[in-house]
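Student: Sequence:
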Amino acid sequence: QVQLVESGGGLVQPGGSLRLSCAASGFTGSVYFMTWYRQAPGKERELVARITMGGGSTNYADSVKDRFTISRDSAKNTVYLQMNSLKPEDAAVYYCGARITLADYWGQGTQVSVSS
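The sequence shown lines up with residues 2 to 117 when you count with the working numbering.
Treat the hints loosely; a few may be bogus.
Between beta-carbon pairs, the in silico distance windows are [said to hold, decoys possible]:
1. 48 with 6: 15 to 23 Å
2. 116 with 31: 36 to 44 Å
3. 103 with 18: 31 to 39 Å
4. 24 with 46: 16 to 24 Å
5. 8 with 59: 16 to 24 Å
6. 102 with 47: 38 to 46 Å
Calculated lysine-lysine pairs in the DSS-like style (CA-CA distance at most 27 Å, straight line) [said to hold, decoys possible]:
7. 77 with 66
8. 77 with 44
9. 88 with 44
10. 88 with 66
Don't read these hints as lab results, they were simulated from the structure.
Note that CB positions come from ideal geometry on N, CA and C, so glycine has one too.
Could you put together the complete structure from these sequences and hints?
Tutor: Structural data, given as structure tokens:
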């Protein structure tokens with residue numbers, strides 16, 4: 002059974018930093034890419050960042066460019082999201098996703114709160 006387990010969420014003050022992690026396990030086959038999405042109350046889920054597990058190509062939402070960095074450890078099927086200069090509008094539940102072989106999988110989400 003495929004599992005994506007996120008960690009690293011929490012409460013941080015504006016301008017602070019957090020690092021999220023997501024580890025994928027319980028599968029055979031290849032992980033093509035992994036993503037971070039977020040969903041704030043009353044808003045649609047939005048793509049934050051994506052990374053290919055082979056070449057490491059990345060894509061970011063305009064709202065997080067130059068503040069967030071996605072990285073991966075392909076050997077561990079793990080993706081990270083370093084979030085710096087956090088703003089109140091970054092507060093949301095952050096979900097990890099993965100394309101494994103031909104299917105998409107999601108984690109349960111981790112809460113990120115940004116408040117003074």
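Student: Could you run down the list of hints and mark each one as holding or not?
Tutor: The hints, checked one at a time:
no.	hint	result
1	48 with 6: 15 to 23 Å	holds (20 Å)
2	116 with 31: 36 to 44 Å	holds (40 Å)
3	103 with 18: 31 to 39 Å	holds (36 Å)
4	24 with 46: 16 to 24 Å	holds (21 Å)
5	8 with 59: 16 to 24 Å	holds (21 Å)
6	102 with 47: 38 to 46 Å	violated (25 Å)
7	77 with 66	holds (25 Å)
8	77 with 44	violated (32 Å)
9	88 with 44	holds (16 Å)
10	88 with 66	holds (13 Å)
The structure fails to meet hints 6, 8 from the earlier list, while all remaining hints are met.
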